[in-house]
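> Start from the sequences and build out the full structure, keeping to the hints where you can.
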Amino acid sequence: DTEVTQTPKHLVMGMTNKKSLKCEQHMGHRAMYWYKQKAKKPPELMFVYSYEKLSINESVPSRFSPECPNSSLLNLHLHALQPEDSALYLCASSGPRGQGEKLFFGSGTQLSVL
Amino acid sequence: DQQVKQNSPSLSVQEGRISILNCDYTNSMFDYFLWYKKYPAEGPTFLISISSIKDKNEDGRFTVFLNKSAKHLSLHIVPSQPGDSAVYFCAASFNTNAGKSTFGDGTTLTVKP
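The listed protein sequences derive, respectively, from chains D and F.
Counting from 1, one number per residue, gives the positions in the first sequence under this note's numbering.
Counting from 1, one number per residue, gives the positions in the second sequence under this note's numbering.
Please note that a few of the clues may not be correct.
Claimed, not checked - Label-pair distances were calculated between CB atoms; the ranges are:
{"#": "1", "chain 1": "D", "residue 1": "Pro61", "chain 2": "F", "residue 2": "Glu42", "range": "25 to 31 angstroms"}
{"#": "2", "chain 1": "D", "residue 1": "Met27", "chain 2": "F", "residue 2": "Asn95", "range": "17 to 23 angstroms"}
{"#": "3", "chain 1": "F", "residue 1": "Ala41", "chain 2": "D", "residue 2": "Gly28", "range": "23 to 29 angstroms"}
{"#": "4", "chain 1": "D", "residue 1": "Gly14", "chain 2": "F", "residue 2": "Asn27", "range": "38 to 44 angstroms"}
{"#": "5", "chain 1": "D", "residue 1": "His26", "chain 2": "F", "residue 2": "Tyr39", "range": "21 to 27 angstroms"}
{"#": "6", "chain 1": "D", "residue 1": "Asn70", "chain 2": "F", "residue 2": "Val78", "range": "40 to 46 angstroms"}
{"#": "7", "chain 1": "F", "residue 1": "Thr110", "chain 2": "D", "residue 2": "Asn70", "range": "40 to 46 angstroms"}
{"#": "8", "chain 1": "D", "residue 1": "Arg30", "chain 2": "F", "residue 2": "Ile18", "range": "35 to 41 angstroms"}
{"#": "9", "chain 1": "F", "residue 1": "Gly83", "chain 2": "D", "residue 2": "Asn17", "range": "34 to 40 angstroms"}
What the hints assert, rightly or not - Derived list of chain F stretches under chain D, where covered just means 3 residues or more per stretch with a C-beta under 8 angstroms from a C-beta of chain D:
{"#": "10", "stretch": "45-57"}
{"#": "11", "stretch": "71-82"}
{"#": "12", "stretch": "99-105"}
Treat the hints as calculated values from the structure; they're not laboratory data.
The model shown is predicted, which means the values in this text are computed figures rather than measured ones.
Quick reminder that beta carbons are idealized off the backbone N, C-alpha and C, glycines included.
Encoded structure:
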């Protein structure tokens, strides 16, 4: 199983809503990531979890709250988002050091904030 | 300051011909380079990579060339197929740490039948 599964595929939310994005992988990867991608732009790193602990937060606003309940799951909790937060949110994972040179991406959640 | 640049936003080639996608980087500390391919409504998928200790890596129809002195890499696809039509992202990292990858803006490749 070399898949990273993300749900939902599409999400429309208002600025006062609370929603969560979910990501799951069963490759035994201990590093998991959230990326944000705007149209015709490269993926931008938001958060990195290493061994279920947050290791990198790329100065992301607090309206985005990541959570790693266990080594296979990664969530991104959304609250009070702005229309400019509309984007494709990608989850990714990578293997251990020495094998961790490439990212395995999910298909993403296309988020629209109204 | 964009450390990884793909200066051609788009490229169109005929089926069967060679596609050459280019990437330039500014940070000489990068030691691992990757190409990802992305179809619409999907996440990027890993295509091919090269370590800075090599100047060429080949995998089937795909070959990546690295010119460290010029801080330039290129992806060659031979022969190009319509199914290769996608956005191609170049990425660079330190110490093969995927989490430190810096991506270029991408090149949209269209292969015409």
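> Run every hint past the structure and note whether it holds.
How the hints compare with the structure:
1. Separation of D:Pro61 from F:Glu42 is about 27 angstroms and conforms to the stated range, judged on CB atoms against 25 to 31 angstroms.
2. Between D:Met27 and F:Asn95 the CB atoms are about 21 angstroms apart, so this pair conforms to the stated range of 17 to 23 angstroms.
3. A beta carbon spacing of about 27 angstroms between F:Ala41 and D:Gly28 agrees with the range 23 to 29 angstroms that was offered as a hint.
4. Judged by the Cβ atoms, the range 38 to 44 angstroms given for D:Gly14 and F:Asn27 holds: they are separated by roughly 41 angstroms.
5. Checked against the given bound of 21 to 27 angstroms, the beta carbons of D:His26 and F:Tyr39, roughly 23 angstroms apart, stay inside it.
6. Taking the beta carbon of each, D:Asn70 and F:Val78 are about 44 angstroms apart, inside 40 to 46 angstroms as hinted.
7. Remark: the range hint 40 to 46 angstroms for F:Thr110 to D:Asn70 is upheld by a beta-carbon distance near 42 angstroms.
8. With their beta carbons about 39 angstroms apart, D:Arg30 and F:Ile18 fall inside the hinted range of 35 to 41 angstroms.
9. Between F:Gly83 and D:Asn17, the C-beta spacing of about 39 angstroms keeps the proposed range 34 to 40 angstroms intact.
10. Counting residues of the stretch 45-57 of chain F whose CB lies closer than 8 angstroms to any CB of chain D gives 3, so the stated coverage by that chain holds, three being the minimum.
11. Proximity of the stretch 71-82 of chain F to chain D, defined as three or more residues with a beta carbon under 8 angstroms from a beta carbon of that chain, is not established by the 0 residues found.
12. Check result for the stretch 99-105 of chain F against chain D: holds, 5 residues qualifying (beta carbon to beta carbon below 8 angstroms, three or more required).
Hint violations for this structure: number 11 only, all remaining hints satisfied.
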